[in-house]
Amino acid sequence: MKDLLLKYDDKLVRSGMAEPGSILLGGLDDSVTWNRIDPLCPGLEEVLAGLSVNSILFARPAEPYFSMISLLAGEGAGMIRPSDCETRTFLHDIPVASGMVAPELIHSLRRRKSVVVPGRGVVTWGTVSPEQAFITFSSVCFACFVKFFSDCLEAARGRGLALRQRETLALATSLLDDLPAGPQGLAQGPFTTEAEVRNAMAEAGLRTVELRLVDSFFGNISYLLDGILYISQTTSSLDELAGAIDACPLDGSACTGITASSEYSAHVGILRGMDRGGVLHGHPRFSVIMSMLCGREGCSGRGSCHIRCPVERLVEGIPVVPGEVGTGPYGLCNSLPRAMEGGDAAMVYGHGVFARAGGDFRGALGTMLDAERACRTACLDLLGSSPSGGSGSRG
Amino acid sequence: MPARDSMILRVDLTAGSFEHRTLEQCAVDRWIGGRGLAGAFLYPRCTLSWDSPDMPLILMAGPLAGTSAPTSGRMCIMSRSPLTGTVGDCSVGGALAFQLRRAGLLGIVFTGRSRSACGLEIEDGSVRLEDASGLAGRDTRELRGLLSGRGSVAVTGPAAENGVLYASVMVDDCHAAGRNGIGLAFAAKNLKYVCIRGSGKVPVRDPARLSGACEQIRRLMAASPVIMGEFGLRSMGTGALYDLMHARGMMPTANFRRTRFEPAPGMNAPALKRLYSTRRTGCAGCGILCRKVGAGGVHIPEFETMSHFSALLENDDTACVVKANDICNRLGMDTISAGSTLACHAEIIGRRLPAAEILALLEDIGRGRGGGLELGSRRYAAGMGRPWASISVKGLELPAYDPRGAYGMALAYATSTRGGCHLRAYPISHEILRRPVATDRLSFSGKARIIKIAEDANAAIDSISACKFSFFGATLEEYAEAVSAVGGIEVSAQDLISAGERIYFRERLMNQANGFGAGDDDLPARFFREAGTSTAWMETPPLPREGFVEALRRYYVIRGIDECGLALPSKCIELGIDAQAEAADRL
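If you read the sequences in order, they're chains A and B. Quick note: the first sequence uses our numbering, first residue 1, plus one each step. Quick note: the second sequence uses our numbering, first residue 1, plus one each step.
Extracted from the complex, chain B is given alone in its bound form (with noise of 0.2 Å):
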């Protein structure tokens, strides 16, 4: 792979030095780009403390962005989770990773604190550090208003600066890298923002074969009802899950406590649609355009954002689900964390939080006044004496999928290297949404397998940048395709599940190092002990333990771990990663 393709910029924020390296072609060829590349940066250094000024935080771009490959524009930006201490990663979109292409980079390393609060501009080839000290409390809208014209932007806003655990980054206003703390991060270096314009091409070897990739992945994403039906992600945006989710009784509410809110159907996606006359928006080069913003730029939330704001908190008044989803990227803070320790709260001092309080709190919490709330659901519930009341997996608060209705859910939030997460395996694809085809969700027969390959499957699709919206049509088989085309080498679907699976392995080894193990795979033990909300029609029981602890057995079987969830040497060797940890540091 020619320089430009594999360039990465690394910057001393202590020395306020940059250095131009480019990577070795077995690099990239075994870690791919975007997550699997930032983790081969991350691996050395893991054990780290995430404030350590020698804990890299790396922006990684994949071998499609830039390229007229359909929704290839999303970025990874990772460091060690300073609201979990897993391995810290989300998947951005925006703009960022196009820009940083057509710089001639693929990635950004940060080391080392700057004394004080600075900024990355890169313009093509020119890259410089700037003092952001007069930005201190400023919002992220407020300070993308102050950095326009100078291409894609990344910012943290005041929560970062007051220490909140589940910070984020918001990329070019509305895109937010919302998981993990990674905001915190940022702040740890003291870095408020990255600004990145570029201007040349990236190189594609095969334009043709590129173009005939595309063709397909563009066929199979019209033929989706998921991504381009009249209800799917392009007409409704995420919040097209909203209604679905209460159907079929897995909307998560008053704190898991319950499965079904009875406001819910004036308060979906529709409704939203017309009450904001939204208008879509999205990442560059994307033809789904899952954003929605509404009349005078207003966000409208995501499916997430809807669910944990309304459902989870018990709240009915629309406006104030849109407020909030505005104040947590405005302070910039995760949307699921914030919703989630507000219900864990709420559940505390046991009443219901009223719209007012709700987005009262939000904001005490974004400024510096949290009262132990910006400290995430976990630490708060067990600092109030109530750990039970934290709905968390390894610390990270549980997304809007209640796992007594999909137990290949439950499974996966429990194996995710990142703490409970939806997206690592994705299994609400084809337990809820039949692609590529319908699994019983009430059933663990299978599970395991399943799982693990979607783990391996989506650590290649966090790799190659693409949206894992595409999949809800397309499959990697097209997208290999389209990375053959780019790369000149190779590839097929299966090759690039294969590099899945060790980018997978060396997060959970990187986990492991920090100590954690079986016992951190588990769910709440709300879960087996509390029945969801059963209706006539349907019964929600709680999550079957056996089946669950026999569906986990043998997804470490599969995965090549102990029953102590500890990696097996042997399967080390299969991987090649301890080889692999030596070549890291020489990245």
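Chain A extracted, bound-state conformation (with noise of 0.2 Å):
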């Protein structure tokens, strides 16, 4: 359990959602263990003693995280309601409490899996592992993040940006950091081997993570190879894609791939009539921000805009589709195929970018990060705040 939490803890740190030594991890078998003592441990325990769970995180977000959420906390009466994909269909809404008060803390982790406790951190949980915990906490970043800058554009357009709001913008654009021109060190392909194929999708899915181009370490990654899908696994992590990449036979003849990426079926239609090719789909933060942003006024279709558009829409050349993960009848499946067939990318509202690899990740990867730098500019520019060097974040 130990190694566990430690591992959480240092990935939190890595990922730029947490200061080292902010971080406090416990996990609960028989007795509890954290990955360091700390004052706040013992009202941690009281929290843990009053939900049905096998773990708990209490963190103070990194910059700019912090004073984002900490902004959205105190507007939403108690509640934060991002409206990206990943709160949509998993955090539902974000729970705020008055204080560090264990008795609050409870009464909201019953009914969610996070609470936000305004001016201290986040509170989250695991019922098999401490990595619920970690995922929810980066699902919380992710989302105040997106909304933070959601909102800002839609003050931007309306009665200009409040001081906090600016206060918070100033600081979140000082801490972008540039992104590289393109990726750097990639495997060159085509690949021929199933060896090769694992090595370069474990290393494009690694760099990706490294790059900030996902939230919670998901995202999905595949790779075609003589009538057999390589996948990565559902719930899977990008930057540990060894022992986790399902090999599926496009003939139909095995069900192996009952546990590979929510996101099989798009990346199939996305590859259809390929030979050898793969899609790789991150969370780029901006590129989610801009895929959301949507000028037309008095529109029939707001409010369901991730399920149909009336419209076509490009964001800096890309085609944005609605579409919800997975197979259902308003799955990205159906929508992103299509708006792939005449280019090597898409987007889908609120959640992120697909791209199409040829014979090795360079390519996708790329692009990813050519939308991701334009969706940033674009996006800054439009906040007024473009800062004087690239678009990366360490945020």
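Possibly wrong hints are sitting among the right ones.
If you want the footprint, here are the derived chain B segments under chain A, 3+ residues with CB under 8 Å [unchecked claim]: (1) 84–95; (2) 224–237; (3) 240–253; (4) 494–501.
Partner residues aside, some chain A positions facing chain B, computed with beta carbon under 7 Å [to be verified]: (5) Ser129; (6) Ile228; (7) Pro249; (8) Leu250; (9) Gly252; (10) Gly257; (11) Ala260.
Each pair of labels, with its calculated beta carbon distance range [as the list claims (entries may be wrong)]: (12) B:Ala531 with A:Leu171: 22 to 32 Å; (13) A:Arg120 with B:Leu48: 17 to 27 Å; (14) B:Gly350 with A:Leu250: 55 to 65 Å; (15) A:Gly76 with B:Leu48: 49 to 59 Å.
These aren't lab readings, by the way, just hints derived from the structure by calculation. Backbone N, C-alpha and C define an ideal beta-carbon position, used for all residues, glycine too.
Dock chain one against chain two, each of which comes alone in its own frame, and use the hints as you go.
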């Protein structure tokens, strides 16, 4: 258990979501194990006792997340309601507590996976692994980042940004790192053996995470070779793909792909007609933000943009389509492949970017970087906050 | 909760009388419905013999049944298990729960014993007992035909009439209440069938809120590759798991002496789909439709049945697997216990059973010519002087997940309150299917707490009567929203799990009252002594005994029971179970 706690402590730091030493992760079997001892542990153990869970996470998000979450927590009457795909599907909403008080935290966490404590941090839990607590924490940071910028864009079009929004925006902008001009060091394809494919996928997945083009380390990746689609498994982390790639024969002769990514069908659709190639899917934040920005006044589809859109939209030249995760009637597997018939990339509303790879993943990762760079520039231009440099993020 | 939500029909089969009784609100609040509420009726009489006229037989729906909540059409059937002596319950699909709720009832409690075979027929407010003595010997498929037009139908087959200890109840033709010999509990009351037809509407306090919850649940189900993916349950049925179990070296083969079956890839779900031109079917109100029916109406076996009638028996004849499933369903026998008992028999006689012999033996068992095989593997193996050949826990044969490949599953088999059952905690969800996230399947680290939480959550799921398959996508968070919307009482996910803990603990108390203790929370010695089938790329060593024992010790601490496996008085008080025992008598 201790190993798992330290692993996710480290991941939170490496992903830039929390500062070293600010994270408390507790794992519960017949007794509680902590990643480190802290005066807050007894209070969090009280919270643990009020829940039927096996792990708990409390951390102060790193900047600019902390300022963004603090701002949003003060606006929503006890609730933050982002509208990105991650929130709609998994979080639903993010409760806000009035303080670090166990009964109040318990009350919120009996209903939802996370609670924000203004001025302190975010508490999350897991039932089978601290990984769930880590994922939820990451999702809260991501969702709040997207909502903050979406709110700013909305305000900029109307009454203008409030003072705290401007201050937080300035902080966020100052913390943006440069994005590299293109993917460096990825293996050159086309790949001809299963081993080459698996290595290339693991390498590209890791690089995607290092570039912070996904939240929760999720996203998915695939490569088609000789009638077999190699695809990352559901809930796998893109930086830990060794042993987490399913080989799915496209002739439907085996069901071993039951653990494949939720987006298996979309990947198959995107690659239809190709002999070799792959798909890389990430959640670059500014791409997600810009995919949700639509200026159509009085649109009849307002409120259901995630499942249907009456117009064909482009963001920075990339098509944006509606679609939900998976294969339901509104599943993005229905909308995405068609959108990518004319190009190598498409965005799904509020969700992320899908990029087609040719013989290897250099082009796909480059496409995703380009999309994110363009979206970031466009977003900051609209907010009048273009930094002097490029637009990466260490936030 | 208004009367229509909590009306119970009590049927005294000795007197041939009925009584409608509205449950007290506190009972519904504490025990939810389904498995929880059924247990409240069983608890005061749990030490009676399974065939005592006073032993209740309970059919109980949950609060969501009959509403638009996804996969909420499950029904709990409970009594004391004739096979194991433990709590005996099954969650069964079809339209039984749906029709029951539409007829204005939440549950039916049978006591007594009819002088001759009878059937209960319910049509909205009308209830009557019909003579069924002329139906003796008919198989379940024939009965379904004879009773068509009378709504949802639950029937027993010849196996129950002939005393097979693992007799099942078949609902709406292809849905089995298979485990624990619940069909024999019907036969003990001379109850041959139950038909229910209802036309009312199940009240929903907040339809808009329910609609929102349903949307969230459906979204998560659609996002789950296990449920809705191209290789998932909707497309391939539960047989989708067959390839995965083989690939992970977890396919019980030759009565659990090996864990890989070389012909498996040619006998998988895609092969069945191709060979039998299958189509989807399923329970009332379900969007998954995981059941598969072939051309001509042939029932396509589910995963456990596929695996046990192939690998466990070393049988590479796919047609035999399908036929074996058909025989079991027609005669009304649990396929898992039947397959496992035959595998035990094969090991004892020291030879593989040919396909024709498998089919002939199944027919013999169901028709009363079992030669001891009708008693299940534990009694049969003991009678043959080879008790170790029964691969069972508390007398219930293990399903098709070899515990040497999933240590959480090992612990869950041992602690299950109904014996060797995969569904009480279903750690396969995270150990194999990566839901909600993957855990290390070859480690006991943290598994004691994980299993306890899952047992409690699944007890709650069985009590709201939702299908566990939904939870490969959705969570109790979304279902709590649905329960709140239907009942008008605010319920959180953790509230449901708390109720689940109470329900599970009470089941342990019932087993304890019947003499079960720590010695019964164990696995067959084979798993600790013999390795599974290793390959060049994957080792399958024996289960580490020390790790298992330590995980079990931790589980006891977490569950609130002592080292003898007996309930701590302090935990009983904390959960308020003793007080409930008295209240239960008044239900």
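Structure-based check of all given hints:
1. 84–95: violated (count 0)
2. 224–237: holds (count 9)
3. 240–253: Coverage by chain A holds for the segment 240–253 of chain B (6 residues, Cβ < 8 Å).
4. 494–501: holds (count 5)
5. Ser129: Check passed: Cβ of Ser129 (chain A) comes within 5 Å of chain B, closer than 7 Å.
6. Ile228: 13 Å, violated
7. Pro249: Pro249 (chain A) check fails; min Cβ-Cβ to chain B is 9 Å, beyond 7 Å.
8. Leu250: 10 Å, violated
9. Gly252: Since chain B brings a Cβ to about 6 Å from Gly252 (chain A), closer than 7 Å, the hint holds.
10. Gly257: OK, holds: Gly257 (chain A) within 7 Å of chain B, min 5 Å.
11. Ala260: With a minimum Cβ separation of about 6 Å from chain B (threshold 7 Å), the hint on Ala260 (chain A) holds.
12. B:Ala531 with A:Leu171: 22 to 32 Å: About 59 Å separates the Cβ atoms of Ala531 (chain B) and Leu171 (chain A), which means 22 to 32 Å is violated.
13. A:Arg120 with B:Leu48: 17 to 27 Å: 56 Å, violated
14. B:Gly350 with A:Leu250: 55 to 65 Å: Given a distance of about 44 Å, which is not inside 55 to 65 Å, the answer is violated.
15. A:Gly76 with B:Leu48: 49 to 59 Å: 57 Å, holds
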